[in-house]
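Take these sequences, add in the hints, and give me the full structure.
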Amino acid sequence: MEKKVIKICGGYPQNFEKIDISSNPNYVFLNDPNYGPIKVWDSDGNFVFVNSFIECEHYVSGGWDKNPVVDKETNLQTLLFSGVVLVFLFFVISKKYSIFRFSKND
Amino acid sequence: MIEINVKPKYLKITFVILLVLLPWLTSNPLNELNAELPRQEDLTFYEINPCKISISEFIFTNFQTSYQDHYQFKTRDYSSISCFGKIAGVSLINDVFIIYVGTNSLVNLVIQGLFWIILISFVKKRTVKNISNNKYYYFSLISSSYFLTYMIYAEKRYYDTKFYLLDLNNQSSYFFIFSILIILMKVLLDVFLPRQSILINYFPFLYLFAGVFGGYNFTIYAFIFTFLGAYSFWTKNTNRMFNKIYLLFSSVWILNASNRYFFEPGKLRGFTSSVYDFNAVLSWTLFLFLIVSGLSYFFRTNRKYINFYSITNSFCYTSIFTVLLGYIGANFPIINFLNYFYSGQQRFGIRTTNPLIVNEWGEKISWRGYYSSAESIGEFYGIAIILLIYMYFKLKKFSILHFAGFLSSVVGLYFSNNRTVFVLVFIVFIILIYKEYRIKKITGVATLFLTGLVVSYIIGFQNLTLPYSFTSEIIVAEALNYRFDNITSSFLEFAIRSRESEYIFSYIYSFIGFIAYLLNRAELWGIFTSRYNPSDIEILFGSGPLNFGQLYGEILIGETRSLLLPHSSMLSALTFSGLLGIFSILIFVIFRIYKNRKFINIQGFYLITFIGINLIKNDTLNYFASFSLYMFILFAIVSNRNEKLFSFERPAAK
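Protein chains in written order, with the numbering used here: chain A, 12 to 117; chain D, 421 to 1074.
No lab work stands behind these hints, which were simulated from the structure alone.
Because the structure is a prediction, the values reported are computed rather than measured.
We put the beta carbon where it would ideally sit given N, CA and C, even for glycine.
Do not take every clue at face value.
[Said to hold, decoys possible] Here are the simulated lysine-lysine pairs, DSBU-like style, with alpha carbons at most 30 Å apart:
| no. | chain 1 | residue 1 | chain 2 | residue 2 |
| --- | --- | --- | --- | --- |
| 1 | A | Lys-83 | D | Lys-656 |
| 2 | A | Lys-107 | D | Lys-606 |
| 3 | D | Lys-817 | A | Lys-107 |
| 4 | D | Lys-724 | D | Lys-606 |
| 5 | D | Lys-606 | D | Lys-544 |
| 6 | D | Lys-555 | D | Lys-427 |
| 7 | D | Lys-656 | A | Lys-77 |
| 8 | A | Lys-107 | D | Lys-545 |
| 9 | A | Lys-77 | D | Lys-432 |
| 10 | D | Lys-555 | A | Lys-106 |
| 11 | A | Lys-107 | D | Lys-549 |
| 12 | A | Lys-106 | D | Lys-606 |
| 13 | D | Lys-1064 | D | Lys-817 |
| 14 | D | Lys-1064 | A | Lys-107 |
| 15 | D | Lys-576 | D | Lys-724 |
| 16 | D | Lys-814 | A | Lys-107 |
| 17 | D | Lys-1015 | D | Lys-814 |
| 18 | D | Lys-429 | A | Lys-106 |
| 19 | A | Lys-106 | D | Lys-427 |
| 20 | D | Lys-544 | A | Lys-107 |
| 21 | A | Lys-106 | D | Lys-1015 |
| 22 | D | Lys-432 | A | Lys-50 |
| 23 | D | Lys-545 | D | Lys-606 |
| 24 | A | Lys-83 | D | Lys-545 |
| 25 | A | Lys-106 | D | Lys-432 |
| 26 | D | Lys-656 | D | Lys-606 |
| 27 | D | Lys-576 | D | Lys-427 |
| 28 | D | Lys-544 | A | Lys-50 |
| 29 | D | Lys-656 | A | Lys-18 |
| 30 | A | Lys-83 | D | Lys-494 |
| 31 | D | Lys-549 | D | Lys-1015 |
| 32 | A | Lys-29 | A | Lys-15 |
| 33 | D | Lys-545 | D | Lys-472 |
| 34 | D | Lys-429 | D | Lys-549 |
| 35 | D | Lys-432 | A | Lys-107 |
[Claimed, not checked] Here are the computed distance ranges between Cβ atoms for each label pair:
| no. | chain 1 | residue 1 | chain 2 | residue 2 | range |
| --- | --- | --- | --- | --- | --- |
| 36 | A | Leu-41 | D | Glu-979 | 37 to 45 Å |
| 37 | D | Tyr-558 | A | Tyr-23 | 39 to 47 Å |
| 38 | D | Phe-682 | A | Phe-111 | 45 to 53 Å |
| 39 | D | Pro-428 | A | Val-81 | 57 to 65 Å |
| 40 | D | Asp-515 | A | Gly-47 | 40 to 48 Å |
Structure follows, in structure tokens:
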């Protein structure tokens, strides 16, 4: 989870202490002027802007994530890239080791 | 070893069919939506359901959209990979439903690249010197792929709107693009290099397959010729004098590029920069260097395989297909879409279904058909006709292909309404008849008179009756007309000043004005004068190759009816390389012609003149197809014995 928090919210600030926010229903997140707002999404596609590391960490720990559309696209791009590389390697290897041969009778 | 009992040709045909069909059949079987027909009063279905219906489903359900002219299919390159081949949206513009088909720039690279590579692979191999087994090959492969990736970096603003959710501020994205480019280039070169000696006679096909990747500002030919350019450079197989002069110009262009102006490449996509700034000027300077070096290396390596019989055949096939596909595409929106995607056109084919259309004054309106520019394709048909006339006079016979090629070129030229080409072709035809049949003097004079009459008719009799004092002033008058709020470009200022003080330049400029009037270029060259704002260094060296950013961004002028390019390759060259650049090119070409004058016969001379005259009044320099074809024809004529070249001998069997 820590890795995911760092990936989405940025590095943990020095002397960061995790507060148990869920036990305090009246807790109000304060904006951190040095922290650029970040958008996080839940599994239903709802999103919120978080304005401090504490808020971001809280949401991400609770299951909120990066934009699922970006994630999906990144996965498709990786798939495309891998596909191109694998097909290329397959042809290079098959050519080098003469795996395929066209029948001369045809 | 696994033995495959299928002929490679059939396997390739299967791949081509799959590449044409599969991308558009991406339907989701779980999807229960029915493809609705867009209606004027309600387009919400495709707003609510973008990327749910594949184009094939859409066409099968609403078949009339494939042939009715109030539908138009367009690609939308900024779409998700999962949206490829699906309807990404519909809009209604001027009573035409624009149906946006989702395409993705990364997927385009793979599909279009593979499609064109397989097409090239149908050409038979004829091995020349194998260059793919040395260190320079790999060095050139890596450096040219890296360079193309750098071109994307240099035009980030353009590509930001083309790559869907690919962060171009992130280095890993460039690694990703570089990897695909290098793989594609490697496969392409494996197919291209063993066939290059045959492909040299296929140059006219560049008009049929423009080869621009969807969403990119380069063509598949850039892969080949930047590679060959890099290879010739690393192997020191280039012209040192050219390199030195180019280095001097490059230094000035790059150091001078301190501002930033944007330019939408539009129909010039693949051969013009979308931005004028340091990185773009650097990348396009390198690009032109590599392309010219690559083309030159390619011509030199395969010089002895140049065969005008094969080239004329290529002209015939291209003429036939451009006319046919242009006409079919204009009448069938879906064919227009497929033409665009699979030939890599810079812009969609024309949608005007009637190629014979005239305006309210009864004047013929140019019909560009399949190609991006009516003027350029008109010149192409003109060259095809000239070559076929040469061939007929030499061989005294036509095959069915030649007859069909001649017919389609004449029809295409008429559709394109390029009157200068009409005049030039007519003059060539008359001169050849005169020479061939040794016509008597009196008949010769009558023919000359008739030619003059036809030329005057094409130019327009009334245009020849206007006084020189009026026609010679027309460019400046048009320039002043387009001036916005007294913002005067340095070039216009110079023109006004020299007119008042009667320098030698004023006489030259007056004569250019007269020519512009005759060629119907007065307004366009006037607009150029109004825009062109060079500094002292830029008038000498230009502002950088293939870059209109500064010309179109620096000076605000009055509203024009469309983009309106300079319509003169000379003016484009002046913008790019300044007066010194133009003189250097002219001196180089004239020197080469003079040096090889013994080899050049009358046919070669006509073709050079044809190209030279057209360069004054066209935008050819800005289209890769025309640029490389003209360079090829000039090279072929100047560096080969013309008697042999124009003997139209069939190429020897293998």
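Could you work out which of the previously given hints the structure breaks and list their numbers from low to high? Numbers 1, 3, 6, 7, 9, 14, 15, 16, 21, 22, 24, 27, 28, 29, 33, 36 and 39, in rising order.
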